[in-house]
Structures are given as C-alpha cells and as structure tokens.
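Peer 1: For reference, the chains in residue letters:
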Amino acid sequence: MWRFIGFRMLQAIPVLLVVITVTFFLIRLAPGGPFDSEKAVIPEVQAALEAQYRLNLTLFQQYASYLGDLSHGNLGPSFKYPGRSVNELIAAGFPVTAELAFYALLVALVIGGIAGVVASLKPNSVQDYIPMSVAMIGICMPSLLLGPILILIFGIYLDWLPVSGWNDSPGDKILPAVTLGSAYAAYIARLSRAGMLEVMSQDYIRTARAKGLPEWQVISRHALRGGMIPVIAFLGPAFAGLLSGSFVVETIFQIPGLGRFYVQAAFNRDYTMILGSTIFLATLIVFFNLLSDIVAAWMNPRLRDKLRAP
Amino acid sequence: MQFSVLKILCLVLTLTPMLACGGGESNVSQGNREGILHFGNGAEPQGLDPHVVTGIPESLIINALFEGLTVKNPYTLESESGVAQRWDISDDGMTITFHLNPQAKWSNGDPMTAEDYVWSWWRALNPAMGNQYGYMLYPLKNAEAFATGKIDDFSDVGVKAIDEHTLQVELNTPTPYFIQLMDHHSTFALHRPTIEKHGKATDRFTRWTREENIVSNGPFRLKSWQLNRRLSVEKSDTYWNRDKVQLNGIVFYPTENISSEERMFRVEQLHYTQTIPLEKIPVYRAMKDSPYANAPYLGTYYYLLNINKPPLDDLRVRQALSMAVDREKLNNTVLHGSNVPAFSITPPDTLGYQPPKVFSQNIEAAQELLAQAGYPNGQGWPGLELTYNTSESHLKIAVALQQMWKNALNIDITLANQEWKVYLDSVDQMNFQMARRGWIGDYVDPNNFLDLFLCDGGNNSTGFCDPVYDELIKRQAPQAISREERYALFNEAETRLMQQMPIIPIYTYTSNHLIHPSVKGLPPNLMDYINFRYIWLDKEQEAIE
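Here the protein sequences line up with chains A and X, keeping their order. The first sequence begins at 6 in my numbering and counts up one residue at a time. The second sequence begins at 5 in my numbering and counts up one residue at a time.
Bound-form chain X, shown alone (with noise of 0.2 Å):
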C-alpha cells in the first residue's frame, strides 16, 4: 500500500510546480513597453568571431554588437559612415582614405585608430587563421598573395595607418563595390589586447567571443549567451551614434524549427521570424495589415548542368531542359507565388542592372532541339539524373519539373537525394548529371554573380569556360569608366553564359518573414540587410488578429 500511494504523493508533489498556469503578458507586449526586439534567428550562432563565422544567424548578431568601416542605409542600400566618418576616393579609383570617428570607441572605452583595421586585416587574411570570408579584402593590393603565403610581409599589403584616425587603402584595380564591402564582418576591426589576452590571434578557439570577455564597437554589446537557448544584447553606451539608438535591447533566439517559429509568433513570443514555412504563406498573406512580408532577394535558385558529360554535353539538350520549364507556373503552385521565376543568374535590377533574357519559355522550340540532338520525342534518351540535397521545398520542385519535362519533351528524369554534406561533396566533385544549386550574393554587384563562372571559379560546377566570358569580366568590367559602360560589359558576358546554358536558372529568391505591426524602421531591401539602429518599436500598435 505505502508503495504507491507514496509514488503517487511524490509525482502529485513533483508535477506541480509544473502545473502552474501558462499566460501572462506576452514577449511582444512587453517588448514593445520595455524597448527589447525578440528576433527569430534561424539558428544558434556557431560563434560571434567576425573572422570565423560564415553564416546568416552568426553576420546578425554580429551587425548589432560590431560595426565597420560603413554601413548600410536599409532604406537605400548605400553606404554610410560607420566607424568611417567620410572617405575619399582618388580620381584613379585605385586609393580610398577611409577618414576614422574620433568619437568611435570600443564598449571599454578603448578609443578606436586606424592601427586596429592595419592588425585587424592582418589577422582576417593570416594564412593560419583559416577566415573562409577572407576574399573579401581580395580587392586590396597583395592582399590576395599575403593571404596565400606566397607573401610573408604584411607591410606590402595595400593597407596602412596614415595618422591615428586616417586609414588608406590601395586597391590591385577600380573596385566600385569596395566600400560597400566595408560592412561585411570579415573587414571589421577587432579589440588586439582582447583577443591576445585569451590566445593566439589567429587561435580559432579562444574564449574572446564569450559574454564575460567580449569587446565590440556596435550600438549594441553583449549582455548574456544561453547556448541554444537565447542571446541578449543590450544598448551600448560608449557607442558613437548611441542618441540614435532607438532600441535598448535584443533578444536573438535560435529558431532552427520553422514551424516552431511560426508558432511561437503567432502567441507573440517573437517580433520577427527569419522564414515561414510555405503552406503558411496564403494563410498571412489572406490577413489583414499581414504581418508577411515578401520582398525580392538577392540570389538565384537554379539547377547546375555537367556540360562534361552527356547527354547535357549537347547545347541543344541543355536548351531543350531550360525552355520546357514553366516558371510561372512553378512560382504560382509549388512555390505559393512568393518568388520570380528567373532566365539568367543575376538577379533582375542589382544596383541597377538588368540581365539579358537570352531565352524564354517555349515548348516548340524546346521539342525540336531536342529533336535535333538525336531525341525526337524523347525516343533514344538516356535518361538523366538531379542530384539536390534533402529537403522538402527541393522536392516538391525537383518533383514538378520532372513532370514538366515528361509532359513537354517525354523524358525521364530520375531524382537523387542526399543528405547535405553528401551533396556539397558531389558538386565540388562534379560528380552528378544536373544539381540543385542556390548563390545568394555577398554584395550588391553584378560581379558577385558573375564570377562564379570564370574557368578557374571555385563555385563554377558546371565545366563552362569560355576565355572572352574570362576576359569581360576579369580584365574589361573593371577598367570601365561609368557604371553604364560596366554594365553593359557584364550584360554581353551573361548573354554570352546563358547562350551557352551551363545552369538552368529557375527563380529568384525573396526574403519571407513575418514582423509583428509593432516593427518599425526595418523596410524590405535586396540584401535583407537589417540595420538594428534604424529599428524602433511603436507601444501604440494593435496586436494581430
């Protein structure tokens, strides 16, 4: 008898502390009295080193606690003073003198010189530090060689300490897009004595990042790190702009689920969700003053063709596939018409530049290339495989233009899934037929498009190459005068790569979240580029229904 009723007392006594009532007032509503923003962030941060990390969730909290030389108006997309108050440009494009605020400071209290970017770009581009970002200051003279080690003497490298607030830079060519890289965090300066303190500066383990530790510059500093669990930052108040600040706290929180992340919006436990599961996007946007925001994004989502191997070694069965998918058809169905169907790699008006359309949807056409390379009807086809990695929305698009194929040309296309890591490693490898593949760009430029497809581009995949491509790209588009010059330069080698058909472009992405009305001064913009000092929380705005 004591047996079980005492189990039965200590489960009652156990459980119910547990049970106390649910409610109370919600993240939202209490964010919005108290000034904190709760920022849905996809993932828990592999780290908030700025020369390490390489991820989404990780450049977010990074841009509140740091800040670079620039950053970014999220209304325009142009640069502005950061750290930098002004800068010069000279008429050759070749020397910017980035001109330092001698209000900017470290949060403490450290003022900041142009020595910490000097030993900062050192450390981002040391051979030993392995920065997967490190390109970034490619454009910098020699920075390139030091970064391989064919270099050993940094003082070569383009880059030096004028005066205590003056930094000058000297470029390998005119590189337009320069300042705007300025505001990626592999170019942002970091506290030396911090950093050396707990290691070796090019020592990827250190403890420097950690709450106790860490030393920034940003309108933000770190205030506690919950590991999988949350991540607060609160204003700072060694910050130069810090009047400008509106908000006096973030709260990031790893939302890897997505449909737990919707879930935790709709009873307003989040301002912001990094995404919206698809099958959701008709039910928001069907709301009233919907909280679903959808704004074109700058990157592409396309299938990689091996041109090496057949049959896609055949121009005219690369058109054939490109010309009988139904992107409009695709966006409007699968995709719940929330992207835009794309026909070249770059996305449409990036900084102004309108891709060529070489090709369009045209079923005809495409039977009778396909005809014509030995295939009539798909008689004769020796089938083909798409390699994507494992997901649902990869395959419920693999799934739909498998079956357009089969309807327009009556061929046979089979599916390949594999787990993520599998997959990089068959496309480094080139070892597949055709492949999933999605470039989002690291800076608003053409060229960030473009240059995956040089002969000797890392991320070409595909077999392509082609010397005049080569050429326009790496020696004419950057010697160009004006912007229009530039872009018609890029214009004849895209219309040069798709003529060729080494990727079928298939849409370009956009940014989906969904922002409590609460939210403002956070606009659309190409680069979904957050700039947490603009963002201001209104205690006036009616909840959602």
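Next up, chain A with everything else stripped away, as it sits in the complex (with noise of 0.2 Å):
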C-alpha cells in the first residue's frame, strides 16, 4: 500500500512541473500585459512598472528566479492587487471555496445517491424515468441559470434566504451549495444507479435475497457497499472540480472564494497569481484523485488484496 502511495506521490513531480512551465510560458503568449489600461502610459512609467516586478529581465531569467522562489514556497507579489502576495490571496480565497465546495459535494450526494438508488431498483419503470430525467435536466442547466432562478424564487419572491453574501448571515450558505452541487447531484444519480444495478445482479446479492433478507437490508448491507464504488472514484475529481469550477456560483452569490480570483487574474493578466493558484489547483486535483484511488482500492476488496501482495 504505502509502495503504491510512494510510486503515486513521485508521479506527481513531472506533472506539476509540466503544468508550471506551460503555464509560465503559455500566459506570456498572450497579447497585452499587466500595465496595459485604458488611458496610454508614458515609457518611464511603465520601465518603473516592469522593474518592480522584474519583467526587464529575460523571459528565462524570470523563470528560473521564479522556480527558486516557488522552492521556498513563494508565489510572489501580485500583479492586480499591489501589497498583496499570491500567498496571501490563496490563502484567504481558498477556505471559503473548499467550504463551499465541502457543501456543494454534500449536497450533490444526498440528491444524487438517493436518486440514484431509488431509480435503480425499478429499472425501466417511472420510479426510474422520473430521478432520472431530473437528474438530465440537472446536468443540462448551468449554474448561471439555476442560481439567478433560485435567487429569485428563495430570495426574492419568497423572502426565505439571502441573495448573496458568505457568512453574513444564516442560511447564506445553502442556496450556493445547491447551486454548484446540483449538477454533480445529476452525475451521482446516474453513477451510483449503473453501480447499483450492475451489483444487484450479482451471485451474492442472490445468496442474501436466499437467506431470507427483508429486501431493505439486502439494499442497505451488501449492495450499496459495492454499488458505491463509482460514485467513491468520481468523489475526488468532482472535489477538484468543484473547487476549481466554483467561479460562477461565486460571482453570483458574492463570494470572496477562490474561482473569482483565478478567473480575474487571467483577465488581469495577473501572472503570479495565474500561476500561483494553477499550481495550487493543480495540486490539489493530483492529491484528490490520489486520494479517490486509494479510498476505491480500499473499498474494494479484490483490489485491496492485490495491493498488500507485494
């Protein structure tokens, strides 16, 4: 196991390095700076500009002081917010994003397991084509719809929730969470009900039904266990996912989370803090999907076994 670990945690060097670089050079390519605005600069000014930043310097001069400060763990200063690190951006940007991201997944399993489930064991019949149309339409709207439309509904005309804001007031935290977890509640759905009904065909499925098991345990003991198993190894990506592609919920709900940083720096041009959270949500998908592999292996126990045999 801790082989198999170790052997996933090397893998994972050249591909963040890889994602640095092309990172690095990638957002160079792209047409104007992070100086350039609106009203026209004089050279002087932009000289001083670049200077600060150490833009006067070449191209792989910056890199490799770049990489020497990445070795610290310095992202640098940021472009769009001067006195500001990149650090310190992440660091305040981030925790907001992953609770939002912790009840958006929480939601998405409650919805889309029961979905799933309940489809599942009538298969072809309405008890099936009704969790799972919805659970299409799930996957079809996009959040920029389904917020502004629960907004108005919850927010508005009901006056039951808070349109926007994060810890502002209670109950501000739900509508979002629906938001950005309904359409993963949809691939859920769909997952854990092919899972679930692959399992419940199985030999031993038959043998507890045999026992005499009152259908209800057969579900809840022997066949949920092994009917999860998709829904386990789509967990991790869908956790990265969400943190990476919680942008337009945080927009929309006012949410001084992560996503609205990364997708601004791009705009900005904003290099270090391009760089900097593509780093750190590169990271993390690597450690998630890691992380989904391992809680599958586990759960598996034909998998586990060969695992411990060397």
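Worth double-checking, as some hints may not be accurate.
Claimed, not checked - Derived list of chain A stretches under chain X, where covered just means 3 residues or more per stretch with a C-beta under 8 Å from a C-beta of chain X:
#: 1; region: 42-48
#: 2; region: 154-165
#: 3; region: 256-265
#: 4; region: 281-287
#: 5; region: 296-305
As the list claims (entries may be wrong) - Some but not every residue of chain X turned toward chain A, in silico, with C-beta under 10 Å:
#: 6; residue: Asn-77
#: 7; residue: Asp-207
#: 8; residue: Val-431
#: 9; residue: Asp-432
#: 10; residue: Trp-443
Stated by the list, open to error - No more than 27 Å apart at the CA atoms, straight line, and that leaves these computed lysine-lysine pairs for DSS-like:
#: 11; chain 1: X; residue 1: Lys-248; chain 2: X; residue 2: Lys-109
#: 12; chain 1: X; residue 1: Lys-204; chain 2: A; residue 2: Lys-85
#: 13; chain 1: X; residue 1: Lys-145; chain 2: X; residue 2: Lys-478
#: 14; chain 1: X; residue 1: Lys-109; chain 2: X; residue 2: Lys-201
#: 15; chain 1: X; residue 1: Lys-400; chain 2: A; residue 2: Lys-44
#: 16; chain 1: X; residue 1: Lys-284; chain 2: X; residue 2: Lys-524
#: 17; chain 1: X; residue 1: Lys-292; chain 2: X; residue 2: Lys-109
#: 18; chain 1: X; residue 1: Lys-410; chain 2: X; residue 2: Lys-313
#: 19; chain 1: X; residue 1: Lys-543; chain 2: X; residue 2: Lys-239
#: 20; chain 1: A; residue 1: Lys-44; chain 2: X; residue 2: Lys-313
#: 21; chain 1: X; residue 1: Lys-239; chain 2: X; residue 2: Lys-109
#: 22; chain 1: A; residue 1: Lys-85; chain 2: X; residue 2: Lys-227
#: 23; chain 1: X; residue 1: Lys-313; chain 2: X; residue 2: Lys-284
#: 24; chain 1: X; residue 1: Lys-227; chain 2: X; residue 2: Lys-239
#: 25; chain 1: X; residue 1: Lys-425; chain 2: X; residue 2: Lys-313
#: 26; chain 1: X; residue 1: Lys-400; chain 2: X; residue 2: Lys-333
#: 27; chain 1: X; residue 1: Lys-154; chain 2: X; residue 2: Lys-478
#: 28; chain 1: X; residue 1: Lys-425; chain 2: A; residue 2: Lys-85
#: 29; chain 1: X; residue 1: Lys-154; chain 2: A; residue 2: Lys-44
#: 30; chain 1: X; residue 1: Lys-145; chain 2: X; residue 2: Lys-248
#: 31; chain 1: X; residue 1: Lys-227; chain 2: X; residue 2: Lys-204
#: 32; chain 1: X; residue 1: Lys-204; chain 2: X; residue 2: Lys-145
#: 33; chain 1: X; residue 1: Lys-543; chain 2: X; residue 2: Lys-524
#: 34; chain 1: X; residue 1: Lys-543; chain 2: A; residue 2: Lys-44
#: 35; chain 1: X; residue 1: Lys-227; chain 2: X; residue 2: Lys-524
#: 36; chain 1: X; residue 1: Lys-145; chain 2: A; residue 2: Lys-44
#: 37; chain 1: X; residue 1: Lys-478; chain 2: A; residue 2: Lys-44
#: 38; chain 1: X; residue 1: Lys-284; chain 2: X; residue 2: Lys-333
#: 39; chain 1: A; residue 1: Lys-85; chain 2: X; residue 2: Lys-201
#: 40; chain 1: X; residue 1: Lys-164; chain 2: X; residue 2: Lys-201
For the record, the hints were derived by calculation from the structure and aren't laboratory data. Using N, Cα and C, we set each Cβ at its ideal position, and we do this for glycine too.
Reassemble the complex: the two chains are provided individually, in unrelated frames, and hints are given to aid placement.
Peer 2: This is the structure:
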C-alpha cells in the first residue's frame, strides 16, 4: 500500500513541473500585459513598473527566479493587487471555496445518491424515469441559470434565504451549495444507478435474498457498498472540479472565494496569480485523484488484496 | 445498514446550521438606524495607496479615507476647503499659495504640514514609483522633467513649504483647472513615517495600507478590510471638520456582478449601486418614487477610426459612416434612452463649454459622400472591421450600427470582439480599422478631452495630427485671459478635429445608479463625484416597493 502511494506521489512531480512550465510560458504568449490600461502610460512609468516586478529580466531569468521562489513556497506578489502576495490571496480565498465545495458535494451526494438508488430499484419504470430525467436536467442546466432562478424564487419572491454573501447571515450558504452541487448530484445519480444495477445482478445478492433477508437489508447492507464504488471514484475528481469550477457561483452570490480571483487573474494578466492558483489547484487535483484511488482500492476487496501482496 | 444511516445522520447534522431561517432586519433599515451607508462599490479595490491605484472603486474608498488640499462641493462641483483653508492665485496665474488648516490632523493625531505635501509629491512623481497618474502633477514647474528622469533634484520642482502651514506652488503655464486636481488621489498627502516604517517610500508592495497600519487624514478611517467581502470605514475623530460628518460609517461591497448587485439592492442589502443592468432600466424607471438615478456623466463613447488604413484614409468615407448613424434611435432602443447622443468628443456643458456640432445625421449626404469616394451604393466596398472588447452592451451597439450602415449605405462591416487586454494591445499598436473607445474625464475641463488628439497624444490612436490643432490646445488656450476666450479657442480646435472625423462620436455617458430613498445629500453631478461628508440617512423614509 505505501509503495503504491509513494509511487503515485513521485509521479506527481513531473506532472506539476510540466504544469508550471507550460503555464508560465503560455500566459506570456497572450497579447497584452498586466499594466496595459485604457490610459496610455509614459515609457518611464512602464519601465518602473516592470522593474518592480522583475519583468525587465529575460524570460528565462524570470522563469529561473520564479522556480527559485517557488521552492521556498513563495508564489510572488500579485500584479493586480499591489501590496498583497499570491500566497495571501490563496489563503484568503481557498478556505471559502473549499467550504462551499464541501457543502455542494454533500448536497450532490444526498440528492444524487438517493435518486440513483431509488431509480435502480425498479429499472425502466416511472420510478426510474422521473429521477433520471430530473438528473438529466440537472446536468444540462448551467449554474449561471440555476443560481439566479433559485435566488428569484427563494431570495426575492419567498424571501426565505439571503440572495448573496458568505457567513454574513444565517442560511446564506444554502443557495450557493445547491446551485453548485446540482450538476454533480445529477452525475452521482447516474453513477449510483449504474453501479447499483450492476451489483444487484451479482450472485452474492441472490445469496443474500435466498437467506431470506428483507429487501431493504439486502440493499443497505450488501448492495450499497459495492454499488457506490463508481461514486467514490468520482468524488475525488468531483471535489477538485468543484474547487476549480466554483467561479460562476462565487460571482453570482458574491462569495469571496478563490475562483473569482483565479478567473479575474486571467483577464488581468496577473501573471503570478494565474501561476500560483494553477499550481495550487493542480496539486489539489493530483492529491484528490490519489485519495479517491486509495479509497476505491480500500472499498474493493479484490483490489485491496492485490495491493497488499507485493 | 450503519453505513448509510450514519451518513445521512451526519449530513443532517451538518446541514442543520445552514438551514436556520433567513430574513431578519435588512442592511438598509439597520444602516438607517445606525448611520451606516451600505455602498455597492463595483469591484474589490486593488489597493488603497493613493499613488498606486487607478480605478473608480479605489478612488471612492480613498475619498472617504483621505482628503486633498481641496474637495468638491457635490452640488456645484466648485472646489472648496479641504486640508487647505484657502488659497491665493497670483495675478499672472503662475503661483498658487495654499494656506493649510492648522486643525488638519492625521488619524494618529499628528498635525498635517506643508512639508507632508512636498514629500508626498516627491513620492508621487518619483520615476521609481511607477505612478500611472503622475501626470496629474505635470502642471507644476519641472514636474514632468523630474518624473521622466531628466532632472534628479526635486528642489527644482515648483513646490515648496514656506512655513508649517503654507505651501507654495509654481506652475509652467497658468492652469485654471489645477485647483480641481487637488482633490484627485494622486495629489494627496500621505503620512511619511507610516510609509517609511513599512518599506521603501517608492515600493508598491508594502503593507502600509492594511487596516492595522494605515494612517489617513479624511472624514473616515479604515475599520476593517475583508478581501472580496467588504471594506468598512468609520467616522474619524481626528478629522478637522468632523462635526459636519453625518454618517457613522460606510461599508463598501465589491459588487462585481451587476445582476447580483441589483438583486442585493432589491432585498435592501445595499443603499446604493454602482450601476444597473440595461434591461432593468425600464422597470425601475416606471416605479413611483423611482430609486433609479440617471444623470449626464463626463465621458464619451466613440469609435476610433484608423486614418492611416484604407478605406478610412478617405475623409469622405469617415464622414459618410458618421453621418449615417442614427444616434437617437440607438439611444432609444438598445440603450433604453439612458444616454445622450453625441456629435463631438467633449461632453456638452463641460463647465459651461459647448462643443461645436459640425455634422448631423443625413443619410442622403452620406450616400453622396460614399459615392464620391468610389463606392456608389456600396459597390466595390472593400469591407471594414470593427474591433471591440468583449461585452454584451458593446456587442449590442456594434450590431445596431452594423445594421444602420448596411441599410443606409449598403456596406458590410464585420465585427471582431477581443478580450480586454488583447483589445487594449490592438488599440495601442493601432492594429485595427475601427475600434470602440470610451473616455472619462479626470477633471471638468474641455482640455481633458481635446488633448487626447494632439499629434503625440498617448491616447490619440487614430493617426490624426494637425499642427494648427496642437498650437491651439498647447500654446494659445493656456494663455487665454478669460474663460470665454479660452473656450472660443477650444471650440475652434474641436471644429477642426470633427471636420477631419478621426472618431465617430456615439453618445455621451450618463451615470446610472439605484439609490435608496433614505439616502440624502448625494446629488447627481457631471463627474459622478461623491463627497461622503455631505451624505446622511433619513430614518423616516419608507422602504421602496
């Protein structure tokens, strides 16, 4: 097991190095720079600005000095927010985004899991079609649309929930979590339905039934564990996707998360911020993929044994 | 079994605190009770260093935290006492003496002195600072030479402290708008010991503007700054004019998304919005006691024409294009009547100045001009590309104009949208045929618009160059004795400009806000200028429905 984890972590290093290098040079190819603005700047000012950010060095020198800083965990100063470091911006935004992603994932698991299991019990019946059609709508409906609709209904007409904010007033986390989680709920519903259907036709389920166990015990004690494996495998990438994909929801609900900084950084050509958040998110994605592989292996007896044996 | 029950239990327990019911008192009614203004500020401030930042969200916060030598009266836009109690202008207009208020203090209790200004202007103009607004101080003698590194000795620059409370300023030429510039943040005095405590004076990255460090001199002081969430200021007890400050505090929200901002206003989380989505204008306008505030704004929306590239190198083509645009129709349909059609670069009534109207909409004449240029009824038209930065409203306007040109002149215009920084690069390199552009005045004076089109103007971007025009703007207008004479010279220059038509003026901007009826002392004005000292909240005011 430890060899498996160690090997996977070693694999991550070249992956991240490629991400850093490609991002570093790719953003420099984009036209326009961090200091371009609608008002022309005199050359002296432009030169002073570039000197303060070491942009007067050659590209390769900049790359080397960036890697040097990075090895000390220093992601550099932000171009867009003078006086703030990228580390600081990530430290401010990430906990919020992570909390949002966590709630969204909970929403997705509860709604998606229940819908998927219910649908799988009577395949190709109304009990299957209705949850699965709703799931399809969930996948198709972008949060850009769902968010404002939920706000209109629950925030403005019914006046039950706040329309924006984060930790400002009770209940302000519900709408963003539901909006962000719904697309993933739909995926989870489909995955858990497929997983459950496969498991329900296995021999050991027939054995369990033959023992005379009531159907609800067959499902909860025997089928769920196997049927949820595809869902577990999906959770790692899903959480990473939620972290990096929360931009729209953060913007709609005025949430001070990392997603807003990340996307704004790309528009602003905030080189250090783009690089810093990309590296940070790439590391997280690698980590969560690893985590979900380990959990999936642990949940699957056959794989577990394979890993134990050298 | 335990597997799923436990999980659901966990979920319920985690979700319960989130499910506590919403509602409660709105920000607006609580704010009205406590004297706190909830202000939609458009974006997260990039920073609070007055010599570094350039945007409107930053300048609004800085105007609450700091005060210049002068401030503007929001009703008249005339300059009135700030840190300077009064000022004398010499007869030749070249020397200004500011008399500082002895009561003016920094928020840590230190007195403000004339020396603070000398040091701060040294910082603002220092080439190492990279201050993008340094040019605001260029009317000072030798300021430009110092800022561009041609001279090193700051004592040659035209500013000196006569005594603790007297600041004397020498100008290059008489500059009637210089007093106005004193309320722009790039000319503000900063607290030297605070800045030097946290790093080099010209360093852009230091932490001196953080809530625990900052020392300011305005009607409010920084209370808390939560990144991308809110920034709160509270009334300062060291401000010289504190008895006249009526608000106890202001909360600035970084309302980047204009639809979210409008929804926050609707549920009374905000007193004031930075703007309003175009499609919501008719709804709000129709309300009784409408919170929609629409006023002329010192800015012009126009298309740049690259007069070096065919077919726009032909004056007749440029005139034809401009004359074929139905600005009234555009304004009434696409823009919901929210703006004012423009026929020149300077907005009408800029401190009493009226721009010339060299042309008007005339489709027959436009067709005739296009035929003379060799494209009768659009035959042989080589095509023309319009570049604009990606935005829904720019797109709507571009499509409308594209159709007007097709209908009136039977010519095809292709639209090319570019992401903001790409677009800025294209305009800067003059790598376009026709491009969208907007210009917002930094100060109320026709000069601020007309000096765009000087031969060496950094924002000219059209290829227009007329020595006579330059002579009028650079030499003759500053020497004019009276305002009438000066405006007549500007008028002559602008007439020359519009006869050459290097731009197609489209509309004069307006400011568009939603303002809760309880907010008083926030009059509309041409600069969309807010003096927070004047604002008060009327507790008795009923909520809007």
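Peer 1: Compare the structure with each hint and give your call.
Peer 2: Here is what the structure says about each hint:
1. 42-48: As far as the region 42-48 of chain A goes, the hint holds, because 6 residues have Cβ atoms under 8 Å from chain X.
2. 154-165: holds (count 5)
3. 256-265: holds (count 7)
4. 281-287: Result for this restraint: violated, n = 0.
5. 296-305: Since three or more residues must qualify, the claim that chain X covers the region 296-305 of chain A is violated, with 0 doing so at under 8 Å.
6. Asn-77: Hint on X/Asn-77: violated, closest Cβ of chain A at ~27 Å, above 10 Å.
7. Asp-207: Result: holds, 8 Å to nearest chain A Cβ.
8. Val-431: The hint holds - X/Val-431 has a Cβ within 10 Å of chain A, the shortest such distance being about 8 Å.
9. Asp-432: 7 Å, holds
10. Trp-443: With Cβ-Cβ at 8 Å, under 10 Å, it holds.
11. X/Lys-248 <-> X/Lys-109: Cα-Cα ~16 Å, so holds.
12. X/Lys-204 <-> A/Lys-85: 20 Å, holds
13. X/Lys-145 <-> X/Lys-478: Between X/Lys-145 and X/Lys-478 the Cα gap is close to 16 Å, so the pair holds against 27 Å.
14. X/Lys-109 <-> X/Lys-201: 19 Å, holds
15. X/Lys-400 <-> A/Lys-44: 24 Å, holds
16. X/Lys-284 <-> X/Lys-524: 23 Å, holds
17. X/Lys-292 <-> X/Lys-109: 45 Å, violated
18. X/Lys-410 <-> X/Lys-313: 21 Å, holds
19. X/Lys-543 <-> X/Lys-239: It holds: about 19 Å lies between the C-alpha atoms, which stays within 27 Å.
20. A/Lys-44 <-> X/Lys-313: 23 Å, holds
21. X/Lys-239 <-> X/Lys-109: 14 Å, holds
22. A/Lys-85 <-> X/Lys-227: Roughly 23 Å separates the two Cα atoms, so the pair holds.
23. X/Lys-313 <-> X/Lys-284: Violated. X/Lys-313 to X/Lys-284 sits at ~40 Å, over the 27 Å cutoff.
24. X/Lys-227 <-> X/Lys-239: Since the Cα atoms of X/Lys-227 and X/Lys-239 sit roughly 9 Å apart, the hinted pair holds (cutoff 27 Å).
25. X/Lys-425 <-> X/Lys-313: Between X/Lys-425 and X/Lys-313 the Cα gap is close to 23 Å, so the pair holds against 27 Å.
26. X/Lys-400 <-> X/Lys-333: 13 Å, holds
27. X/Lys-154 <-> X/Lys-478: Measuring from Cα to Cα gives roughly 21 Å; hence the hint holds.
28. X/Lys-425 <-> A/Lys-85: 13 Å, holds
29. X/Lys-154 <-> A/Lys-44: 23 Å, holds
30. X/Lys-145 <-> X/Lys-248: 36 Å, violated
31. X/Lys-227 <-> X/Lys-204: Holds, at about 25 Å.
32. X/Lys-204 <-> X/Lys-145: 26 Å, holds
33. X/Lys-543 <-> X/Lys-524: OK: X/Lys-543 and X/Lys-524 at ~11 Å, within 27 Å.
34. X/Lys-543 <-> A/Lys-44: With Cα atoms ~42 Å apart, X/Lys-543 and A/Lys-44 exceed 27 Å; violated.
35. X/Lys-227 <-> X/Lys-524: Holds, because 23 Å separates the two Cα atoms, which is no more than 27 Å.
36. X/Lys-145 <-> A/Lys-44: 23 Å, holds
37. X/Lys-478 <-> A/Lys-44: Satisfied, since the Cα-Cα distance of roughly 20 Å is no more than 27 Å.
38. X/Lys-284 <-> X/Lys-333: 19 Å, holds
39. A/Lys-85 <-> X/Lys-201: 23 Å, holds
40. X/Lys-164 <-> X/Lys-201: 24 Å, holds
When each numbered hint is compared with the structure, violations occur for hints 4, 5, 6, 17, 23, 30, 34.
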